[in-house]
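**Q** Residue numbers (UniProt numbering), protein chains in the order written: chain A, 1 to 541; chain B, 1 to 541.
Keep in mind the hints are simulated off the structure, nothing from the lab.
If a hint is listed, it holds; no wrong ones were tucked in.
Derived pair list, reagent style BS3-like, types lysine-lysine, alpha-carbon separation capped at 30 Å:
#, chain 1, residue 1, chain 2, residue 2
1, A, Lys-365, B, Lys-53
2, B, Lys-352, B, Lys-519
3, A, Lys-363, B, Lys-30
4, A, Lys-402, A, Lys-370
5, B, Lys-135, B, Lys-196
6, A, Lys-196, B, Lys-193
7, A, Lys-353, B, Lys-53
8, A, Lys-465, A, Lys-447
9, A, Lys-30, B, Lys-363
10, B, Lys-83, B, Lys-62
11, A, Lys-153, B, Lys-267
12, B, Lys-6, B, Lys-164
13, A, Lys-6, A, Lys-34
14, B, Lys-409, A, Lys-465
15, A, Lys-409, B, Lys-370
Just so it is clear, the structure is predicted and the values come from calculations on it, not from any experiment.
2 protein chains.
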Amino acid sequence: MAAQVKLYDTTLRDGTQGEGISLSVDDKLKIAEKLDQMGVHYIEGGWPGSNPKDMNFFERAKDLSLQQAVITAFGSTRRPDFKAENDPNLQRILDSGVKAAAIFGKTWDFHVTEALQTTLEENVNMIYDSVYFLKENGIEVIFDAEHFFDGYKHNARYAIETIKAAEEAGADCVALCDTNGGSLPGEIASIVKEVKKHVTIEVGIHCHNDGELGVANTLEAVNAGAVHIQGTINGYGERCGNANLISVIPNLQLKMGIQCVTDNQLKQLTEASKYIHELANQIPPNSQPFTGKSAFAHKGGMHVSAVLKHPETYEHIEPEQIGNERRVLVSELAGQSNLLFKAEELGLSLDKKDPAVKETIEKMKAMEHKGYQYEAAEASFELLIRNGMGEDHDYFQLDHFKIITHKEKDGDFTTEAVVKVNIQGQSVMTAAEGNGPVNALDHALRKTIGEYYPLIQEMYLSDYKVRVLDEAEATASKVRVLIESSDGKDTWSTIGVSGNIIEASWHALVDSIRYYFMKQQHQLKRAEPIASIPNAGVKNH
Amino acid sequence: MAAQVKLYDTTLRDGTQGEGISLSVDDKLKIAEKLDQMGVHYIEGGWPGSNPKDMNFFERAKDLSLQQAVITAFGSTRRPDFKAENDPNLQRILDSGVKAAAIFGKTWDFHVTEALQTTLEENVNMIYDSVYFLKENGIEVIFDAEHFFDGYKHNARYAIETIKAAEEAGADCVALCDTNGGSLPGEIASIVKEVKKHVTIEVGIHCHNDGELGVANTLEAVNAGAVHIQGTINGYGERCGNANLISVIPNLQLKMGIQCVTDNQLKQLTEASKYIHELANQIPPNSQPFTGKSAFAHKGGMHVSAVLKHPETYEHIEPEQIGNERRVLVSELAGQSNLLFKAEELGLSLDKKDPAVKETIEKMKAMEHKGYQYEAAEASFELLIRNGMGEDHDYFQLDHFKIITHKEKDGDFTTEAVVKVNIQGQSVMTAAEGNGPVNALDHALRKTIGEYYPLIQEMYLSDYKVRVLDEAEATASKVRVLIESSDGKDTWSTIGVSGNIIEASWHALVDSIRYYFMKQQHQLKRAEPIASIPNAGVKNH
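So that you can see chain A by itself, here it is in the shape it has in the complex (with noise of 0.2 Å):
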């Protein structure tokens, strides 16, 4: 089934406007490729009249092969009183090689005269003068009529005019912009509908986000008669940012019934979600509506029960049509069901009346007391509920450990770690080096471990996360580590805490050699070779 709206993304030029988003050239390559893949019919590049940068990724991206999306590049109308064929910015967008382009021009006469300091009429002669000439050079063209709902509300004849002028040259799309991100949903869809009176190509919507309203106005657009829609993946942009398309889509396709992408292309939108953080280098909110990791996670003990019953009680849709998954969360809050729930999913069965079972709660809220979160570290929480049901999968133990970071006075800096531990009845000792003391002691643990557990090469640590959680306390203050940790196939995460960051390392690193050992065992069941106990006494590396 074709596409019933046109999917126009600004991730790499909106977006990067956002505060603390930086992409370099071959993220934005990435991030094309990802945004072709998801199913986006236009992708943003750039502006590449205002940035070198920008020239760079339209040069690269040629070389890109996408199914459908079309690169395209941002620019803005000629300047007052200047040819069009010589304004310097509408030159750099044939330069860049692009078969589509978007200029913004003004549509608020009040901009006109005091921002441009030009008359309405040249503005309008501007707009005309930019379209015809990129048309003309066989660009499809969508307008972008800056300030639109303010100009609208101000000025509503001349706000049309623009527009008009616009479509007269040829324009493909009048793309109507809440720049400053201040409309209600109400207004967007009226003056929508009041622009599909006067014009007949297509309408487009871009909006933002100031008003936490950037979806709803999308929406609401789209009601009104708007097919062309414009935003970022994860509402990235300046301010508040702009329309999220990641929930954009999803409303749009599986609650309005308006086809965007294929199904197919839906369910990969929790993975693009996240990829795209990734590249952007942004923490995914787990609340993110749709494909946040909490979107579908249920913690109050009463709702657990019924969502499994019956999903749609919690579950607006099905976190499978858009890739995601439910979770159930382990918490002070968590009633039996939960527990229960979660030891299933272990492959544990647990007898409600064992007084175990009631242990191991009161454990876990100890130690979600000391700042623990299960929540994120499921792994840890599986070693706890095992230890609670008598297992024991203790195989080393930390005699001491001591670490020394040194800085020299011409800047050399080095990080070395000694550890020392008890496996299988003996002594071993050993040192290495590291990136930082967190790393040297993962070097020297590893190193020790490994004469007697060869397995401990299969696995990597693949992620480290650190948390402040009381900040006031500055660098006194008690930390929570997270570590994601891999053999190639799976991950699994673990958490310490403490007021001291190597601390609080140490037990998550401890318990993700512990739980890989422990599944290791369980699937080979003691069959991993283990080295031969060498002479008593310390051994030193």
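Once you have looked at the hints, place chain B on chain A.
**A** This is chain B only, laid out in the frame that chain A set:
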């Protein structure tokens, strides 16, 4: 002017269902006081029938002296085939001593028969009896109509029957709940309008944000006649959260002309939002609408020059109305106008043509390439500019430092730092212990420097944040450390980036001290007494 709608805050109950949100009773009491100051009318404190911690809150909340807000308890209708007076859940509401309660009941026929496993009539009786019982005991009652919108779509007649039962039993308000957060604004508006035809008591609205429409749905309900508004501060809540009152309030008051709070209370909105983020231990999202740090931040060079002339161009409201402020960001996208604006803010008069200005931009870009972000570290940025202008603020030079972290067999954990610096031509060496490596380094450095610059006693570190930049590299990844310092009056932020967390912290620490000394020298014109120079050679402490 009296409020035209009533604000019902459920941060303390529904908010704590959010993943990662956990509040102590002390936190809840502090938040309750803040909500009252903000002008909230009802504070839902918890569910006394489900949680002993909540009962403790109600006990202690009696000692709060609130201006206006009514502490409210949450609960459910009686169980099937019980008498209301024998229902333990309703009894707990009485025990909690509140003047108002919200009780939820089923309105979706399918849930009555499937989840409650009772008849449709018994459910209506349960609603009637429970409301009647609480009213008879002198309690103001809000009936939370659970799953109302979904229920109405499936069986409108029955859904209306349930809320009419609440009305007949004396309920003061019926709050319509979009429990799974999946409704669209148009659906909310038309269903609220229908409900208004059937009941005469106050109609309320309770939305969730699963479709990123929580705020829009709430505003549409108000447009359709709802006058009681439920939500949470910062939108905390299960899954994707509840309707965010921090966005609902200014939209209603500043855009729709519906009075919620006083103008002075509105000016506290930003501070209240941040305060509650802090108590809930949440990192405030920069892009949070209205109150976020980036909500009125301008990054693109062109925007900056426009916004300084005509703020309404890129600002939907005046930031002062809600206690936020305009910021101009420094970044690789920065045009010259940003840098000059920033310099002017700092009281530096830069000459556009000065080659030092260009060099500073280049230097800044190189540092940003390494992972520095000056947006959040304006003190480090000021040092960078001033250095670029030829100023020298090297009050001390590092010779070397060493940090030793030791974990003993018995679990004891110690960290010591040894620092040697050169100050005014002298070498000074000292050692100190700390709670973690950075804390030890901070202590040792302050001890060393304090000998020569007693001024350092006036400042302290007030916040410490760590961000892993390339998390995929795990413990060998680059980290960015942000330190906030304070002298009790002013605060300033500095940054360090390195593969080693200790080195990154060192850079941020040193910048923090250099900045403070520079500021004090400017104000005090070198009047600060500096200890006399001791004999040459290393001084040991």
